[in-house]
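Chains as they are written, first to last, in this note's numbering: chain A, 1 to 353; chain B, 1 to 353; chain C, 1 to 353.
In case anyone wonders, no lab produced these hints; they're calculated from the structure. Among the hints, a few may not be true.
Just so you know, same-sequence chains aren't split out, so a pair can sit in one copy or run between any two.
[As the list claims (entries may be wrong)] Below, simulated DMTMM-like cross-link-like pairs (lysine to aspartate or glutamate); rule was C-alpha separation at most 25 Å, straight line:
| hint | residue 1 | residue 2 |
| --- | --- | --- |
| 1 | K115 | E137 |
| 2 | K230 | E183 |
| 3 | K60 | D136 |
| 4 | K60 | E159 |
| 5 | K94 | E197 |
| 6 | K240 | D324 |
| 7 | K115 | D173 |
| 8 | K155 | D337 |
| 9 | K94 | D141 |
| 10 | K201 | D297 |
| 11 | K230 | D341 |
| 12 | K115 | D319 |
| 13 | K94 | D136 |
| 14 | K201 | E116 |
| 15 | K60 | E137 |
| 16 | K240 | D337 |
| 17 | K230 | E294 |
| 18 | K240 | E294 |
| 19 | K240 | E137 |
Here the structure is a predicted model, which means the values were calculated and not measured.
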Amino acid sequence: MAIKTNPGNYFEDFQLGQEIVHAVPRTVTAGDVALYIGLTGSRFALHSSDAFAQAVGYGKAPVDDILVFHIAFGRTVADISLNAVANLGYAQCKFGAPVHPGDTLNARSTVIGLKENSNREAGIVYVRSVGRNQRDEIVLDYVRWVMVRKRDQAKPAPEGHVPDLAGTVAPLDFYIPPGLQMEHYDRTLAGAPHAWEDYAKGERIDHVDGMTLEESDHMTATRLYQNNAKVHFNQHAESKGRFGRRLIYGGHIISLARALSFNGLANAFRVLAINGGRHANPCFAGDTIYAWSEVLDVIALPGRADLGALRLRTIATKDQPCADFPGPDAAGKYPPDVVLDLDYAVLLPRRTA
Amino acid sequence: MAIKTNPGNYFEDFQLGQEIVHAVPRTVTAGDVALYIGLTGSRFALHSSDAFAQAVGYGKAPVDDILVFHIAFGRTVADISLNAVANLGYAQCKFGAPVHPGDTLNARSTVIGLKENSNREAGIVYVRSVGRNQRDEIVLDYVRWVMVRKRDQAKPAPEGHVPDLAGTVAPLDFYIPPGLQMEHYDRTLAGAPHAWEDYAKGERIDHVDGMTLEESDHMTATRLYQNNAKVHFNQHAESKGRFGRRLIYGGHIISLARALSFNGLANAFRVLAINGGRHANPCFAGDTIYAWSEVLDVIALPGRADLGALRLRTIATKDQPCADFPGPDAAGKYPPDVVLDLDYAVLLPRRTA
Amino acid sequence: MAIKTNPGNYFEDFQLGQEIVHAVPRTVTAGDVALYIGLTGSRFALHSSDAFAQAVGYGKAPVDDILVFHIAFGRTVADISLNAVANLGYAQCKFGAPVHPGDTLNARSTVIGLKENSNREAGIVYVRSVGRNQRDEIVLDYVRWVMVRKRDQAKPAPEGHVPDLAGTVAPLDFYIPPGLQMEHYDRTLAGAPHAWEDYAKGERIDHVDGMTLEESDHMTATRLYQNNAKVHFNQHAESKGRFGRRLIYGGHIISLARALSFNGLANAFRVLAINGGRHANPCFAGDTIYAWSEVLDVIALPGRADLGALRLRTIATKDQPCADFPGPDAAGKYPPDVVLDLDYAVLLPRRTA
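Just chain A, same shape as in the assembly (with noise of 0.2 Å):
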């Protein structure tokens, strides 16, 4: 009689090129994204209005770009990161086929790097995870890295191998949904004047309003994406943890400081790519989250004049508001009032458009 439950994998358990699929598809819906502007309070049009999805070329409003992220990412935890000590970063996500309500998510892992701790007790095992919707076309595609404990310290460990993991999407890989048609793209209707000519490279932008995090918020989330992570849930045992409490989904500041960026950067209507992220420090309920973001770099794309991208770092704070721009020190060091650094890319109207 085999042991029912999924105690999930261990540090071990992992291989070098080893092809995981994940369980539990999931059709999105439109109550899904009721729900995701209900607990985020996003405003993006885009997301927001069939009708103005319509105008620029979508058959309705997609699905925003953070959900279809958290959706894809709750797939894989059951099998990645139910015995993570911590999830350490992403690298090289690209969106990709825009998700509608009715289609259906599913997720496979390929892991492509494993490398133990010189003290042995875990390892650092890093995946390439990659959605897909029903008719096989990929909606994400990326990279992330968590430490996993090992259920036996004593067991050798495979050779390590770190996989050579880029610092950036390259614009030639970033993907542009077919048959856009930025004309008709209405920015008043969208919530601010500003192009992509508009923005400076170095340019940064206090997003000013705050949002203050509910437990019942954070796990309606966390549950809504299916991620059984067990460390957002469970008082009774977190009461004994590291910190005393619930640990907030990393995700779910993402999402926020997503939300937030809408107050002055309305237009940035689709996610192309996350370069890279941190969580750098944890955050509780009762905190309240705050955001600013540098505009990294200002992208042209080849031969279109109707759409530009910005490269952005955008840094979330909790209890600390935003006007002086808080980050890393010197040494790179993040303050503990620090709680996201997050380097993406977007894609705006241009105004030539």
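Let chain A serve as the given structure and place chains B and C on it in line with the hints.
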């Protein structure tokens, strides 16, 4: 490089006659409807059941009128009330074409009045806001007035103009959806035997039940409407503010009062109009909302043997059951436990239908 | 002028054989499904994915059986249990035609038993409630009994009658959806390799994970079901009541136990029947729910080489992990940390399929 963040409009930014196109059109979905039921507990059969709605002549279940109000209202906040000190009142609110899941709502406002305060620190802005669907049909048309801060107290204000507002919406202005087949309205399925004829002018109804407010619930509701007024979401800032805590969106109290009113008014299946409303005192998480109603008038509708209207006054309280019908004192002053005083009109089936 | 508020039925209002048509039909939508996932974290693939459901012979993903139970149950509260002292038990609960988003559910009940308490202050009401869809197909058929207060203790009660209730639903009474194509059931996608043959009578499964209850979550769930029992929502009244706080709807604990049971029972894709259930102790916000299951019986289904059933007993606890399988003592008495004891039957694919 222009400032990218929307600072909101200050009193001196408004001009009499100014037309404002509000951003972020919104497609209302079955997800919004489910979340609205989850957050309010509303039980009106028309909004709960496609089969019930079809029987009485709707194609499918229309969206709750108060949810339509909140979504239309939410569009206007970034332009009208981001710098508001207080939301002072509503008038002449008429509900128009029924909204169904899949409809996309947008809103435009006209500035119809301006009056600077004598202290010159702020002024009252009167706007008429009109919500329309994707077929340009009016779904909501209402006036509200808010007190808005000045950016610069020294700046001279435009000449004052206070609009002439009707105290009630005239019955001839009620929008009765065409094609209603009230002979198929099943009061048993709707939850109460009482038809229009069963209500008498002056009758008072204690709605009995109470609903306790939670931070997560009011924030989720307000985010769902994409109402981004800062005071509802940011505990870090509000802890230093007027009340020391997050203020609950007054509209959420209207929703709860309407949902509670099912117990006594189950057949009031459509809100026709809001004549006026006053948020008499602020509400906070932890407060328990109760409500009672008085029938201000019993209104026969010309040419309709199947339908009648009631003019109602619904008063909501906090931590105060309503068996004794609490309200303002003889001088019109509200005790601290009265939080809402709403004057509105509803549609009911007639017994003879 | 009749009293408009529904006072609910008291013990002496019920008559043996009485038929009750419950109000407020409800169209179940994708919004309800999303919110159910958000509130419970349920991960059963059949309810999560249209593609998965289609592969095994459903048109699209059916609604979670326990959500169907709650919605049908919610219809009955205003008539049956508004004046209930306690919800005592369930029996003979059979799930019928699968429910899909867009289906409209209604419910009717028959009073099948009445028994006054010896103290004459209350009595037990037994009802059989049947939920049907818009095609009049039965989706749920169950018996529950509740202790209901008397309005007037002096009033003589009707002659007592205690119905003869089966301890289990007979396998021949299980409703197996027609057209299932289990050869296309992918256990890897469903989340676990274990088929019906892998479970043995007497086997115990600790579901490991814990979920902490929040006021907002249980109230939102219970409001979603339009279950208006007062004790769940009103802190102002309950602060003076039996427990000093809001009591959590017992059905929400069933939902959490079922969702937690995914870890060990991922292929138990359909609930066939509930033989009996007991809410052994009350639950409150802040409690963390754990669960474990025992396989009471392994049931072959006549003529089905593709499907088998398990009779399960799932016990849920609060603030008590289940590695030691806590339950009632030898005398049948429940310790205070056991909150649910549920006897039910589930459907699984056979390995030979």
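The hints, checked one at a time:
1. In this homomeric assembly, K115 and E137 never come within 25 Å of each other (Cα to Cα): the closest approach is 31 Å inside a single copy and 58 Å across copies.
2. Neither within a single protomer nor between protomers do K230 and E183 lie at most 25 Å apart by alpha-carbon distance, with minima of 47 Å and 33 Å respectively.
3. Both within a single protomer and between protomers do K60 and D136 lie at most 25 Å apart by alpha-carbon distance, with minima of 20 Å and 18 Å respectively.
4. With identical chains, the CA atoms of K60 and E159 are never at most 25 Å apart, being 48 Å at best within one copy and 46 Å at best between copies.
5. In this assembly of identical chains, the alpha carbons of K94 and E197 lie at most 25 Å apart only when taken from the same copy (23 Å versus 42 Å across copies).
6. Taking CA atoms no more than 25 Å apart as the test, K240 paired with D324 passes between copies only; the shortest distance there is 19 Å, against 36 Å inside one copy.
7. Neither within a single protomer nor between protomers do K115 and D173 lie at most 25 Å apart by alpha-carbon distance, with minima of 28 Å and 55 Å respectively.
8. For a Cα distance limit of 25 Å, the shortest separation of K155 from D337 qualifies neither inside one copy, at 39 Å, nor across copies, at 39 Å.
9. Only within a single protomer do K94 and D141 lie at most 25 Å apart by alpha-carbon distance; the minimum there is 5 Å, versus 44 Å between protomers.
10. Within a single copy, K201 and D297 get their C-alpha atoms as close as 5 Å, which meets the 25 Å cut-off; across copies the closest is 63 Å, which misses it.
11. Proximity of K230 and D341 under a CA criterion of 25 Å is satisfied in both settings, with 24 Å inside one chain copy and 24 Å between copies.
12. For the identical chains of this complex, K115 and D319 are neighbours neither inside a copy (36 Å) nor across copies (37 Å), given an alpha-carbon limit of 25 Å.
13. For the identical chains of this complex, K94 and D136 are intra-copy neighbours only, at 16 Å inside a copy versus 38 Å across copies, given an alpha-carbon limit of 25 Å.
14. Taking the shortest Cα distances, K201 and E116 never come within 25 Å of each other, neither inside one copy (39 Å) nor across copies (42 Å).
15. In this homomeric assembly, K60 and E137 come within 25 Å of each other (Cα to Cα) both inside a single copy, at 18 Å, and across copies, at 20 Å.
16. In this assembly of identical chains, K240 and D337 lie within 25 Å of each other by CA distance both inside one copy and across copies; the values are 24 Å within and 19 Å between.
17. Only between protomers do K230 and E294 lie at most 25 Å apart by alpha-carbon distance; the minimum there is 23 Å, versus 34 Å within a single protomer.
18. Neither within a single protomer nor between protomers do K240 and E294 lie at most 25 Å apart by alpha-carbon distance, with minima of 39 Å and 28 Å respectively.
19. With identical chains, the CA atoms of K240 and E137 are never at most 25 Å apart, being 44 Å at best within one copy and 50 Å at best between copies.
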